[in-house]
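Asks: What follows is each chain in one-letter form.
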Amino acid sequence: MTLRIGCAAAPGQARANKTGSWRVFIPRFDHEKCTKCGMCILLCPEACISADTDFPEPDYDYCKGCGVCADECPADAIEMEQEEK
Amino acid sequence: MVDKSLELFDCGHRACGGCGPALAGRLILKGAGENTIVVASTGCMEVFSTPYPETAWKVPWIHSLFQNAAAVASGVEASLKKQGKSEKVVCICGDGATFDIGILCISGAFERGHDITYICYDNEAYMNTGIQRSGATPYDASTTTSPAGKYSYGNKRPKKDMPAILAAHGAPYVATASIAYPADLMQKVERAVNTPGPCYLQIHAPCSTGWGFEGSKTVEMGKLAIQTGLWVNYEMVDGTVVKAKKVARKPVDEYLLPQKRFRHLFKPARNEEEIAKIQAIADANAERFGIDIKPKK
Amino acid sequence: MRQIMEGSHAVAEAVRLCRPGVISAYPITPQTHIVERLAEMVANGECDADYITVESEFSALSSCLGASAAGSRTYSATTSQGLAFMFEVCFNVAGMRQPVIMSIANRAMGAPLSIWNDQQDSISLRDAGWFQLYAEDAQESMDLHFLAYRIAEDHRVLLPGFVCFDGFILSHTYEPVDVPPQDGIDAFLPPFKPFNVLDAKNPISMGMYATPDYYMEFRYQMDQAMDQAAKVMAEAGREFSERFGRDYGGLVEEYRLDDADVAFVAMGSVCGTVKDAIDEMRAAGVKAGLLKLRSFRPFPKADIRRALAGVAAVAVLEKNISIGSAMKGAAGPEVKDALYGTGINVYSYIIGLGGRDVRKKDIAAIAKAAAAQQGDMFYGLRTELV
Chain A
34 MTLRIGCAAA PGQARANKTG SWRVFIPRFD HEKCTKCGMC ILLCPEACIS ADTDFPEPDY
94 DYCKGCGVCA DECPADAIEM EQEEK
Chain B
9 MVDKSLELFD CGHRACGGCG PALAGRLILK GAGENTIVVA STGCMEVFST PYPETAWKVP
69 WIHSLFQNAA AVASGVEASL KKQGKSEKVV CICGDGATFD IGILCISGAF ERGHDITYIC
129 YDNEAYMNTG IQRSGATPYD ASTTTSPAGK YSYGNKRPKK DMPAILAAHG APYVATASIA
189 YPADLMQKVE RAVNTPGPCY LQIHAPCSTG WGFEGSKTVE MGKLAIQTGL WVNYEMVDGT
249 VVKAKKVARK PVDEYLLPQK RFRHLFKPAR NEEEIAKIQA IADANAERFG IDIKPKK
Chain C
45 MRQIMEGSHA VAEAVRLCRP GVISAYPITP QTHIVERLAE MVANGECDAD YITVESEFSA
105 LSSCLGASAA GSRTYSATTS QGLAFMFEVC FNVAGMRQPV IMSIANRAMG APLSIWNDQQ
165 DSISLRDAGW FQLYAEDAQE SMDLHFLAYR IAEDHRVLLP GFVCFDGFIL SHTYEPVDVP
225 PQDGIDAFLP PFKPFNVLDA KNPISMGMYA TPDYYMEFRY QMDQAMDQAA KVMAEAGREF
285 SERFGRDYGG LVEEYRLDDA DVAFVAMGSV CGTVKDAIDE MRAAGVKAGL LKLRSFRPFP
345 KADIRRALAG VAAVAVLEKN ISIGSAMKGA AGPEVKDALY GTGINVYSYI IGLGGRDVRK
405 KDIAAIAKAA AAQQGDMFYG LRTELV
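Residue numbers (this note's numbering), protein chains in the order written: chain A, 34 to 118; chain B, 9 to 305; chain C, 45 to 430.
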C-alpha cells in the first residue's frame, strides 16, 4: 500500500477492524419474544444490527457486546450471556 | 425528507462499548443525510473513527485541529457557495472543543452567519485525554482535574449555557437533544441542516467510561438526565424557546446515584446540602423551560 | 502595463489576477493595505472571490484550509503576531497538503511590541512545511504570488507557501510595477485542480490521524515534495520569464559575484541596499558581491555551494535572531552547512531588527568585519544603551 498524500482515505476501511473480538458478553436474540420494533437497530452504537433480515440480527464480527440493545429492548427479547471463546 | 435508514457511520470504529458519542455520530448522519460534509474537531469521536486509513465515515469528513472546526466549516461553506454546490456543512465536535477552546471560532462563524450546523456531542468532560473537566461539566461532578476530595465536592461551577450564548448570536435555530431520544434527535438535525444560517445543536451523549456506569446503561442514563430535569430537550427559534420536552420529574438522586462521578455525594453519607444544590439546578431548569407535567387533581 | 503602485496594492493586484475563490484574512499592521484593497475589489466586483471577514488570524487560516479542501483556490495575508497565532494551523495546512498561499508583510515579533520590519515572523515558521519566498521590491512581491500558486498547486508539490516582503519598506512604499494582463496570468496559472477534495459524490476522510506505523512516511513525503518545489519553481520561473520577460528561474539571484572576495547572503528588501553598497565598494576597489536568497524553503543548498565557490568570506545578513544559537542568525548555519569543507569563512550579522535602518555604510562595515574574520554578532547596536 502506498500512502495517500495528505493522510486521506476512502470510506469502508474501518471494517478491517473487527471489533467483535472485544466482546465478553454476547447478545442472544429471542425471536419468540421479538416484536420487530427496531429499537435495538436504532440504538446500536456500532450500527451492526441488521435491518434487512427477517429478524434484527447483530453482526458478531463487530458487536462489542455492550448490551445497550438488551437494556433497551421493550420486549425483553435480548439476553446477554458470557461468551465462550 | 432524508432516508433515515441509511447507515453512514460504519462498523469497526474503536469507541468503547456502549459509547454515547458513537451513537450520536450515527444518528446525526441519519438526520443529516448523504449530502453532508462533516467537519470534526480533535477529540474522542475523531480518534475512535479515523486512525489512518480505517475511516468509519461514509460522507466527506475533514478534521484539522481541536479548536477550529467552525472556522474550517466557514471556509468549506464559502467554497461550496462559490462553486454552486449543495452539500450541507455539519460540524461534529465535543464539549471541550465547543464550550472551551473553540468558542472564538464558533462565535466568529455564527456572527458572520455562515450556513452551517454546529453540533456538540456533549459528554461533559475531556474524555479523550482522560476525563478532565470542561465548561460543560456539571456541578459537583468528579473528574481527574476536579476530583472530589477532603476539601472538594468535585466540579465547582455549573454547566456553561452554550445554547443561550449561540442564540444570542442571532442563530435562527438552536436545540438540545439526547441520544436517549433518537427520533427527536434525528428530526432536530434534519431541521437544523435545512434551516438557512448558523444553527446549533447540543446532544447529551453519556460516556460510560468517564461518568462511571455500565456501557449497557448509556441510553438509560440519557433518559434519567431528562427525567430528573438535569438535561432539558428544547428548541429555540430566533432566540425564543418554542418547545421543551415535558416530564413527570424524578428526584435528581436517581440520575446521580448510578454514576461514579457523583458517588462522593452519597458516601460515606448522603450529602444533603450538595444534593439539594443539584436539585435546585433541576428545579430552576424545570421553571425556566416549563417542563413539569402537573399531576391531575 | 507599468504603473506606480504601493507595494501592498501590487500584491492585492497580483492576488486578484490569480482568481482566488476564497479570501480570508484578519487585519494587522502592516498587512492591512493588501486586505483593504482586496475587500474593495470584491465589493466592486473586480475580484470574484468570497471574502470571509474572520474574527482572528487563527480562523483566517483555518477557513482557508476548509475552502481549499472544498476545492477553491484560497488566499490569506498576515504578519508577526498574526502569523504566530496561526502557528498550529500552519503545520496543519502543510500536513494536509493544501496549497494555500499567504502573503507575509514581514514584521518583528513582540515583546517588546514592534510594528516595524524584520523577518523573525516567517523565519520562525521555517519548519512548518511551507515554502518561503522573499521579495526584494514591489515587482517581485507581485510576481512571486503568480509563481507561488503555480508551485503550490502542482501535484508534484501540494504544499502551501508564504510570499514574504518587508513590512512598511515594501508594503507601504510606491514603486513602478509592471502589471501582467489577465489573459497572460490565466495562461500561466491554470484553474485550481485539487488533489484531495470534499465531495459528497466521492466521499473521503481528510486529516485523519497517523499511528507510529505511518507518521514518519507522511513527513517524508512532505520533505520530498519540498525538493520537488525547487524543481517546479525553476521550471515555472523559466516559463514566467519567457511570458513576461522577468527572470525568476532560480531560488537565488547573483549580483557581481564572479570575482568577489566577500559575498553577502541576504533576503528581502535589504538586497537593494546591498547592491548599491556593492557598487560603491567595487568603485573603491573592494571586491564584494551578493547572493540573494529568493527561497528560504526549499533552502537552495546546491545553488549556494556553486555560486559562492570562489569567495574568501561570506557575510549572512540576518533580519532575525535565533536567541541562544551559536551563530545567532537562523540562515547562517544553513549557509555554513552548504559550504562545509570549502574552507570559506561564514558569519552571521544580526541587522535591522524591529525596523532599525540598514544603511550602505553598514553594509561596507560588515564587509570589513567579515574580511577581518569577525562575525556572528549584532551589527548596528546602540552600544551606549546596553
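Please keep in mind that the hints were generated in silico from the structure rather than gathered at the bench.
Since we're looking at a predicted model, the values are computed, not measured.
Careful, some of the hints might be misleading.
Stated by the list, open to error - Pairs of lysine-lysine residues, derived as DSBU-like cross-links and limited to a Cα-Cα distance of at most 35 Å, are as follows:
1) K89(B) x K51(A)
2) K69(A) x K253(B)
3) K69(A) x K245(C)
4) K69(A) x K251(B)
5) K89(B) x K12(B)
6) K331(C) x K89(B)
7) K253(B) x K66(A)
8) K93(B) x K69(A)
9) K66(B) x K118(A)
10) K12(B) x K237(C)
11) K93(B) x K412(C)
12) K237(C) x K90(B)
13) K66(A) x K89(B)
14) K331(C) x K90(B)
15) K51(A) x K251(B)
16) K90(B) x K275(C)
17) K245(C) x K51(A)
Asks: Please go over all the hints and tell whether each is borne out by the structure.
Replies: Now for the hints, and whether the structure bears them out:
1. Restraint check for K89(B) and K51(A): the C-alpha separation of about 39 Å exceeds 35 Å, so the hint is violated.
2. For the given pair, K69(A) sits about 27 Å from K253(B) by alpha-carbon distance, which is consistent with the 35 Å threshold.
3. The hinted pair formed by K69(A) and K245(C) meets the criterion: a straight-line CA distance of about 33 Å does not exceed 35 Å.
4. Between K69(A) and K251(B) the alpha-carbon distance is near 31 Å, which keeps this suggested pair within the 35 Å criterion.
5. A hinted pair counts as satisfied when its Cα atoms are at most 35 Å apart, and K89(B) with K12(B) qualifies at roughly 26 Å.
6. Taken as a hint, the K331(C) and K89(B) pair is broken in the structure, with Cα atoms around 59 Å apart against an allowance of 35 Å.
7. Between K253(B) and K66(A) the alpha-carbon distance is near 31 Å, which keeps this suggested pair within the 35 Å criterion.
8. The straight-line distance between the Cα atoms of K93(B) and K69(A) is roughly 39 Å, outside the 35 Å bound, and the hint therefore fails.
9. At most 35 Å may separate the alpha-carbon atoms for a hinted pair to count; K66(B) and K118(A) meet this at roughly 32 Å.
10. Distance check on the hinted pair: K12(B) and K237(C) sit about 34 Å apart at the alpha-carbon level, within 35 Å; holds.
11. A distance of roughly 63 Å separates the Cα atoms of K93(B) and K412(C); the hinted pair therefore is violated under the 35 Å criterion.
12. Between the alpha carbons of K237(C) and K90(B) the distance comes to roughly 15 Å, so the proposed pair stays at or under 35 Å and holds.
13. Our distance criterion of 35 Å between C-alpha atoms is broken by K66(A) and K89(B), whose separation comes to about 51 Å.
14. Distance check on the hinted pair: K331(C) and K90(B) sit about 56 Å apart at the alpha-carbon level, beyond 35 Å; violated.
15. A C-alpha spacing of about 42 Å is found between K51(A) and K251(B), which places the hinted pair above 35 Å, so the restraint is violated.
16. Distance check on the hinted pair: K90(B) and K275(C) sit about 33 Å apart at the alpha-carbon level, within 35 Å; holds.
17. For the hint pairing K245(C) with K51(A), the CA-to-CA distance comes to about 27 Å; that is within 35 Å, so the pair holds.
The earlier numbered hints that this structure contradicts are 1, 6, 8, 11, 13, 14 and 15.
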